[in-house]
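Visitor: Chains A and B supply the protein sequences, listed in that same order. The opening position of the first sequence corresponds to residue 3 in my numbering, with each subsequent residue numbered one higher. The opening position of the second sequence corresponds to residue 404 in my numbering, with each subsequent residue numbered one higher.
Among these hints, one or two may not hold up.
Part of the chain B face toward chain A, derived, beta carbon under 7 Å [what the hints assert, rightly or not]:
1. 405
2. 443
3. 451
4. 488
5. 501
6. 567
7. 598
Derived from the structure by calculation, the hints contain no laboratory data. We put the CB at the ideal spot given by N, CA and C, even for glycine.
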Amino acid sequence: MTSSALPPLGSAGTPFQRAASPAARLLAGAVLVAAIATTPVGSLPALSISLLLLVATLLAARPRLRPFARRALPALLVIAALVVPLVITGRTAEALAMGARATLAVGVALSVAASLGLDELPGALSALGVPAALAAVVETMLRQLGSVQDEGRRIVLARKLRGARGFGVGPEVLSALLVRTSARAERAELAMRLRGYNPVLARERARLGRRDLLLLGLTIALAILLHIAA
Amino acid sequence: MHLADGIVTNAPLLVALDLVGAAGVSVALTRFVARDSRRIAWTGTLAAFVLAAQAINVPMVPGASAHVIGAGLLALALGPAEAIVAMTAVLLVQALMFGDGGITTLGLNVLDMAVLPVLIVQGLRRVFGETKRGLTLTAFTGTFVGTVAGAAVLATTLVLGADAPARVTFGWIVGVQGVAGLIEGVLAAVAVRHLIGRAPGLLSRRPSALVALDSNATRRESRRGLVLAMVAIAVALMLLPLASSTPDALEVVVQRVHLAVR
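Build out the structure end to end from the sequences listed, making use of the hints.
Guide: Quick look at the structure:
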């Protein structure tokens, strides 16, 4: 279901994916993003090393260009909107430095996201200690995303064929979508359990192991190096 | 509305606000009916609904766009605890898989897009009541006020944490989100009216949280969550004085008293 909702961001079966568990990749990404986001604004060495980190993560994760650009664009627009007040008041250099740091952090976050399948995310979150209820909601959400979008498209198309004018998504569509998906979600969930789906297995596959030590050690070393250089 | 990584330079302020957001989710998780798979399915589905809706960005003013937040509708359809958990799930996936909203700012984003709007909607629901008119009013005002309150928290964070100019920042962020909140409020109110007509059960209050509290395991988790929330708030309070580079009122008074004694 999720495949129709979101095109895969990265290639499957890369050496990076084979070398470390999903939980380790997620943790490494979070550590690198936090390291970049906390470097001093305007530090040239920090920006240079962050740029190298971005290139390294891009090479390791091998994201697909078009889906990557499609996800990066809205994030970059948000960053631009946040630094607008600084630009308006003439602090352009500060806005640029802040924007560059944020952009590099987003780039690394998306690169690491490219190495993670959507089906791996809930297990990785559980393995990293995210509460079971939250991980279960994330898992259901990702599973249902495709069906919510398909159902929405069907309702909009049905309305258009019956002569509806104006915006495609109005309050009537929203409420109809809510009613239909509520019934469908329960049926889908029940069917999965009846067919033997076990969320614990996904968690086991995503767990941190000995093979992750190299990636995590390297990540911590790079984060420390980044801050020493800054 | 999502705050990205690397924008806020004041680390203690960011950590403190992240902890307040985490405390809010922690309390919500203690009330969440984790053992009821039907509730998880419904919560996850509505979270998917919000995730899909948030992907649609509407141009507001030249150079800025806004999207629906969805906390109002979630709070009315799910109740406060489930709504906060659902919004947190949305923000978590957006931060980790879409680069939309930061990883280091996740707690803050949860605070201004999940905890605050949901609590405002819940408060207004109590004021306006469970009638058709009351729920419609709650949907509109709760969504609008919740969005503006979240934007105000974000603007305050940027002013205190990124040294952004106060007037422009508030005007820009609260202004754009205010217009978005108004539109979303109307949308939510009309959707709620339709829902009351078509499926009133979806908006009714459920006693299921009480059922879950029957189990001993849930009680233990509940206690642990509350303790974690209290620790998070205590640490946040300890960090807040470090967030300001200028002396706070207490320090100013101490300095003056010290000088007077000399």
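Visitor: For this structure, which hints from the list above don't hold up?
Guide: none
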